[in-house]
Structure formats: C-alpha cells, structure tokens
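Asks: Listed in order, the protein sequences are those of chains A and B. Under this note's numbering, the first residue of the first sequence is numbered 1, with each subsequent residue one higher. Under this note's numbering, the first residue of the second sequence is numbered 364, with each subsequent residue one higher.
Hints were generated in silico from the structure; no laboratory data involved. Cβ atoms here follow ideal geometry from the backbone N, Cα and C, with glycine treated the same way. A hint or two may mislead.
As the list claims (entries may be wrong) - Think about it this way: if two alpha-carbon atoms lie no more than 30 Å apart in a straight line, the pair counts; the simulated DSSO-like pairs of lysine-lysine are:
hint, chain 1, residue 1, chain 2, residue 2
1, B, K408, B, K482
2, A, K243, B, K407
3, B, K778, A, K205
4, A, K243, B, K408
5, B, K604, B, K562
6, B, K948, A, K205
7, B, K484, A, K204
8, B, K590, B, K482
9, B, K948, B, K910
10, B, K484, A, K243
To be verified - Listing some non-contacts, in silico: residues in chain A with all C-beta distances to chain B over 10 Å:
hint, residue
11, F56
12, P154
13, F274
14, A285
15, S340
Here is how the chains run, residue by residue.
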Amino acid sequence: MIDRVQLKEIDWVLTALMVANTLAGILLIYSASADSGGGYAWKQLLWMAAGLIVFFLTISIDYKAWMAFAPYIYALFLLFMAGLFLFGRTVSGSRSWIRIAFMGGQPSELAKVAVLLMLARVFSEYRAPYASRGVIALSAGLVGVPMGLILLQPDFGTAMCFLPILFGALVLAGLTKKTVAAMLIGAVVLGAAGWNFFLKDYQKKRIEMMINPAQDPRGAGYHVLQSQIAIGSGGLTGKGYLKGPQSRLRFLPARHTDFIFAVLAEDFGFAGVFAVLAAYFAMLARMFSSVGLSRDRAGIYIAFLAAGLISFQFLVNVFMIVGWLPITGIPIPLLSYGGSSLLSTYFALGLVVNVKMRRFANV
Amino acid sequence: MSDKGIYEDFSLVRRRARRIFVIVAVLCGLTLAVYWKIQILDYKKYESLAVANRTREIILPAPRAILTDRTGDIILADNRAAFKASFIRENTRDEAASIARVASLLELDPSVVASRIEKYKSWPAFRPIVVKDRLTFEEVARIEARKNDLPELIVETEPRRLYPRQSFCSHVLGYLQEADANDLKERARELRPGDMVGKMGIEQGYDRRIAGREGRVIDVVDSLGRKQSELERVDPVPGKKLALTIDYDLQAKAEELLAGREGAIVVLDPSNGEILALASFPTFDPNKFITRFTPEEWQSFVNNPDNPLLNRALQGQYSPGSLFKPVMGIAALDSRTIGLETTFYCGGGIEIYGALRRCWNEAGHGALSLRDAIRYSCNVFFYQLGRRIPIDTIARYAEMMGLGRKTGVDIPGEKEGLVPSTRWKKTTRNEEWYPGETISVAIGQGPLQVTPLQMAVLTARLANRGRGIRPHLVLGASEEPPGDSALNVRPEVFEQVIEGMWRSVNEGGTGQGARVEGFAACGKTGSTQTISRETAERIGTGAKAAKTHSWFTGFAPRAQPRLVVTVLVEYGGGGGATAAPIAGKLFSLYKSNHDRPRSTQGN
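In isolation and in its complexed conformation, chain A is listed as follows (with noise of 0.2 Å):
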C-alpha cells in the first residue's frame, strides 16, 4: 500500500503545519477551558492522536481507492445523516450530535470530506472546458441532499460548509459568465425565499446583529459584542497566557470552540494573531501548491477542494467574531475544540498529502 519511496514523498512541511497549528489550538483551547482544569486541552490532544492515525490510514490508502469507495462513503453518510434525522437526539437546539460509544461525535462534519470525496470523483473524468448543466444539476444535488439533511437538524453553520465545495467544484470545472449570473439570480431568489420561509428567528436575529450588534447588547449581539471586547482589549501584544480577563471571567462565549481565536487576540494580542494567521496561511498556502502538483484531475479537485474548505472555514470563523459575518457555529479547523471536526480535517488533510506524495506514481 505505502512503500519507502512514497513515505520519502511525504509532504511533511505540511504534516508539520497541521501538527504545528493543532497544538497552537491545544494551548487556546486550555487557556480558554483553565477555569475548569484546562479538561478540554487534554480531550483535544487525545483527538489529536486520533487524528493522526486516521492522517496516517488516509495516506496509506492510494486516493484512487479512496476514489473507488467515494459512492460508498456518500451513500453510508447519507443513511446514516437520514437516520439521525429519525433517532437523533437533540443537543443545544440540534440533532446532529451523537453518542458514538463513550465520545460525542458529529457525522455532519465528516459528511464534509465524504462530499468533498464524491464530488472530485464526479469531476474527475469531466474534460469539457465549462461545467454543463447536467454536470451542475448533478453536483448540486449530489451536495444539495446532505446539507439539506444538515439545515434540518438544524445546524445552519455546518450546512453552510457545503457551498464551498460545490462551488470550489464548479468553479475549477469552469463556469461561463452566463451560468454565474443564472447562480446570482438563482442565489437572490433562493436567499429571499430563505430568509422568508426556513430561516429561525434566531438565525435572522443574528444577521440583523451583525449589521448591528449594539442594539441589544444583553441578547443576540451580546456574544459578538464581547468577543470583540476580547480581540479589542488584546491590543498589540495582549493580556498574557491565561491572563485574558474577556476569556477567565467568562465574559467570552464558546470559548474553546467558534471564539477560540478571539482567545488568541485577546492573551496574545495583534502579534498572536500574526503569528497564528501566518502559520495557518502558510499551511493553506502549501495545500494550494499541492493542486499544482498533483498527477490527475481527481488529485486536482480533492487538493483544491480541501484546501477551499479549510480557508471557508477559517475566513468565515475569523470574520464572524469581529461581527464582519453573522454568527452562524463554523468553528476553526484544528484551533477550536471538537473531535469530529478534527478527525474530519486530518482525513482532509491525509487526502492533500496522499495526493501530492503519489503524483510520481505509475499505476
């Protein structure tokens, strides 16, 4: 499955940047959780290695397998997201958190790459210069099925993680000007008719806060108006370790997970947030250098649609605690806390390196 060339292939810059970016989220996540024992820097170390078993049976598996099962993993994810739609249990306002024997776990974040998989094989044999309609109506739908699942557990964030890899897909499989403004009108229509129909009170409540979050700072605006108490009073160089008082006092909602970055700029000030922004853009950077290196279309999409989705996340994450996007629950892979989310971005990540180290290899 792996021989000794393949494992000198390695890209272990960026093995070393998910692991370097990780434990920087490990620090946080214990700074963030010190008032009760730091417990969850221990459980999120424990994920960690986890994760790196399954980083290391991803990059075991050629991704041409993991191609091969694509349908399988959907078809899997998708029963098993239909089921959890009948037996689920509701945790804070959602069903899609389960007990997975003594760990909760979140099939919808794994749903994630189990897409990102199903989608890069759709393209993988798809040669035209512009995506047809049929290749949209299929991928649309291919993704359309599951986030639909997700908005009706209902985790808004987590469905909308999905809209990057549809688009990261058609984007890079080619879109005419003409199919981008059909998707625009389509966009406007559908959101209004969202707005108007699915969307809860409180997810509108919180678009409204974020155009304006003073104006009822003890309800909805109130999480985004002290977390950007937490990044503001960080100043260049923060509070110290441990010493944010936004984060001990529990002024800071959700700590160790969404606002984990707000952690960040308010112990370590504009320069932790240099550094980490540095370090994770390094490691966006290296996964986008790797669509430039891989030997196939489906090597292509699976490097690029990862690497899409990680940035999603991440840019949404860091523009939603500034109150620039509403709060919508999309945590930061690898800083905030969270197994599923975890384990799902190291598959991701495995598939990036799998792709890169076997782009010399004759099959």
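Since chain A is already given, all that's left is putting chain B on it; use the hints.
Replies: Leaving out everything else, chain B in the frame of chain A:
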C-alpha cells in the same frame, strides 16, 4: 484509470485554482487589516469596555452627621441601619414576570414596581434599583428565603435618618426626601438618582456638610456578576457631628406652649444671634418622610390647609400691628419730628383726612408721651406720627431696622416681608401713595408684612441699642448681619423706646403678661386684624376668622439683654392676653435655668 492522465493538460484548471488561492490570500491580508483596526487603532475603546465589563462599582453611602442641641449631648437627628429591597435587571430574563413576582412578594402594586424600574432604565443593568425601603424584619426574611429563585431581588442596607424625638424641633431640622430632578441637575457632581437629600431646615441648609462623603468598592466580577475580587475600596466618611444653637429646655417649652395652636415662637440670644428656640405649629414628624416613595402621610401633609410643613417663623408673613410702634417711635425721635417729651392727646379716636380713626381704647388715653404711648399701645399717638412723618422716611427706618429683607438665617426658605413706600406702590400697583395709607402703616397695618423671625431680629437690635445680629441655628455660624451692623441713631432714642417697652411689661401696660419678677423684661404686644370686622360679619366665617393674630416681642433683662422672645399665635386674640403670657413663661424658664445656681450661692 489510464496513462492518459499524465499527459493531459491541466493548466486551465490549475489557473482557476490559483485564482481562488489569490482570493484566499487577499482575504487573509484583509483579516490582518481588520484585526489591526480593532486591536491597535480601537484598542482604547475596547479596553475601556472590557474594564467596564468586569468591574462593578458599589456605592457605600455615608451616614449623615448627627445633629445635637447646643450642649452636644441631646441628639436631635441620628442614623440607624435600615433595609431596602432592590431590583437588579441584569439577573432576570423575563422582566415582566419577575416584576409580578417581586410585587407579590413585597405586597406592592406591580405598576409601582414597574414605574420604579422604568424610571432608572438608563442605568447599567447590574445596578440595583430600590423598589421598597423601610423593610420590616419579616419582609427581609421573606426575601432572603427566596434568594435562589429570585436572584433579581436583593436586600441592601443603608444608614437611615432617625429623628428620635419625632416632631421635636422638626421645622429647624427639616426632613429628607429622594433627590428630585432639580436637585440632580443643580448638584450633578455630588448626587446620583436615589440619594436622599435635605429638603428643609438644617438638613437642607447644611446638606453638603451633613451628608459626609460616600465611599465605594470596585469589585471584579465574572459574566454572571459573581464577585471575584476587590479592586479598590474607599470607606465612607460620615458627616461631622453638628451642634445646633437650640436650647433643649426652651425649645421643649416653646413647643409645649404652642401645642394645639397655629403660630410661631422665636427665642434668640441678642448678643450673638444664636437661636435658642424656634417653633412653628402645627408640626410634623420628619421620620415619616424618609422614604423614596410618596406615602399617604405625605399627601395628607401637602394637602393639609393648616400646612404643617410651613415654617411660620421664617415663612409666615404677617402684619406686625402694634409691634411696629417702636419702629415708628425711633423714626419720630431720630428724625426729630417730635421731641423726647412731646405729648399727644388721645380721646379714643381722631379724625384724619376726613376719616374717623379709632384707638383700641375707646375711652381714650388722655395726653401721653412716646414712652406711655408704647406702654399702652395707643393708636392715636401713632396716627399723629403718621400724619407728620412721610411714608418714605418710615420705610427708611423700617429697613434700617431689618424689615423688608432676609435676616440671613442659616436655613433656607425665609421670606422677606414687605415694607411699603411710594416707589413700591408705583412699581407694583402703578398708583400714587395716599397719605391716609401712612396712617395705617403707622400702627403696623396696611401692606406692611413681617415674619416672626424678622421681629425677633429687630427686637435684638433694639435690645442691643442699634447693633444688628445675624440669627443662626448652628453653633459657630457667622454672626455678621447682612446690611449695617450698627445704626446711626442717637442712643437716647433707643432708651426712650425701651423705657416704653419696659413700662408695657412692668407698669401695667399691655405686655404685663410677660412680666417676670427680677428679670426686667421689655416688650411690645400686638393684635392684628386678619380681615376687617365688617368683612368677617358679612361672610360669616365665625369667631376664628374674626379673632386677631396675637403678637408679642420683647427682650430681657433691660440693661444687659440676654434673651429675645417673639411669639405669634394665629387667631390667638389680643397680644396681651395670649402672646405676652407665653413669652413670660419662656423668660421665666430661662431665668430659673440660668440664675438658680447663682441665687442659691447667694443664699
């Protein structure tokens, strides 16, 4: 898969991927810019928000100064710990529901609680809003028992004013009420909404000194408002004990003598202006007003036609009546309108300017000098003076003696009274002065108005043979009078008037009710019609309205005056019958309190 892939041209696809990467890179750059703005450019704004977020200032109210009588031993105003129930908006999710629960627990109308909370809506949500004060122990226990399911309701303690002798000295002490919009505007730096401020008397006049300096604690709290640590503490500084000039015995006696009537008594020391007693009736219990709410008692006081909150000694304006005659005497002698031995004949009445003016004694007093005219309070004598002295000269002497302007007493609210003159009539009524009006003024009637305190101060000036004083209620307050301290009046002028006042009390004059053996009191009585007898009969208001206000003012002893007493009893009848005996009892009490040790030594 086939080998074809290796030779396939992916440049188009890769170009598209690079374009997306460029967008990602640009957005990462934008991220840096956004965080630079928030963390570096707006740092100060967010840092101050963060500080406000985690710190909480708690005000520690300072106990008000203890007020005592002049010995410093008898406490007139004290403090004790009191409990109040306060509402914390931050600790509730559903404000309407918790208002209803709080109201039922405190047995209040929900609208009262709601309006209270509405009033302080602009406050930060963590700051407690007082919804009920003067809690009973039972109420405190009830709130404490519900502590866990009603986190929005807390019990706070505060020092509360206590007047241990209830209504004793109430018009001097005043009372407290929650600062109103006007107070908060005028004293924006010192007061905050919910503070209690003095609203009358010493409590108002010396509010800044009595209030002390509040302390504060700055706590660090977590997002649930739980205290984590104390950042700063400034202990409150209580107001410094204040001794009043009030003589407990005289004050108690004055109040006892006035009880059941309407009127005022002022007792002061003419040598320095210290007010030894100041009573006004009807009176009130200031303890009942120390609440942030408007109790029924308050409503009933405000609506009471007898107006117990009016301090009649400072704010009641009355015709001086015959008390004005000594002023007329000084004006006449000093202006040399008459000589020391000039006499006028009183036949019980006199026709002046075509109208018959009666003396109170219809049998007439015969020929008398100024001394005996004061002694018998003969009207005809003073009508004759009124015919000879122009109104503006009278006004000049009245003002010199301190009428028509504030005495400068150290508590707020005193009235100026009114001294009429030709200019006054021109400016207020746009009419010429009629000489006939001067005749009324000459016996203290007409537009002339004085307060009992002004009469006491005027009497002190007489007693001091022209030297003025500033009446005051706090030991050590300024004694310098507003206006001239000494008068440019010949000494023998005062001696003539004082002789008349002495005779009035000691030689069978109208003031003989004030006579005290061995205490050489000098005084003057007055009985002023509130409405004319004819009007009273016409509207039939009965005996009370037809009765005159009863006045007495005097000092003792004659040679070295130590005491001035001024008494006004509304509808009290004749000054000689009602007011003079009251003054006599006060002279007598003072004498026995102060002279007994000496006399026992002498024996």
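Asks: Evaluate each hint against the coordinates.
Replies: To see whether the hints hold, each was checked on the structure:
For the suggested pair B:K408 and B:K482, the alpha carbons sit about 29 Å apart, so the restraint of at most 30 Å is met. A hinted pair counts as satisfied when its Cα atoms are at most 30 Å apart, and A:K243 with B:K407 qualifies at roughly 18 Å. For the given pair, B:K778 sits about 62 Å from A:K205 by alpha-carbon distance, which is inconsistent with the 30 Å threshold. Taken as a hint, the A:K243 and B:K408 pair is honoured in the structure, with Cα atoms around 20 Å apart against an allowance of 30 Å.
Using a Cα cut-off of 30 Å, the hinted pair B:K604 and B:K562 holds, with the two alpha carbons roughly 19 Å apart. For a cut-off of 30 Å, the pair hint linking B:K948 to A:K205 is broken: about 80 Å separates their Cα positions. The suggested pairing of B:K484 with A:K204 holds, with an alpha-carbon distance near 27 Å, which does not exceed 30 Å. The hinted pair formed by B:K590 and B:K482 meets the criterion: a straight-line CA distance of about 27 Å does not exceed 30 Å.
Of the supplied pair hints, the one linking B:K948 and B:K910 holds, its CA atoms being roughly 23 Å apart against a limit of 30 Å. This hinted pair does not check out: B:K484 and A:K243 have alpha carbons roughly 33 Å apart, beyond 30 Å. Non-interface status of A:F56 relative to chain B is upheld: no Cβ of that chain comes within 10 Å, the nearest being about 24 Å off. Distance check for A:P154 against chain B: the nearest CB is about 23 Å away, which clears 10 Å, and the non-interface claim stands.
The Cβ of A:F274 does not lie farther than 10 Å from every Cβ of chain B; its closest approach is about 7 Å, which violates its non-interface assignment. The beta carbon of A:A285 is not kept farther than 10 Å from every beta carbon of chain B, the shortest such distance being approximately 7 Å. A:S340, annotated as away from the interface, keeps every beta carbon of chain B farther than 10 Å; the closest lies near 24 Å.
The structure does not agree with the numbered hints 3, 6, 10, 13, 14 stated previously, though it agrees with the rest.
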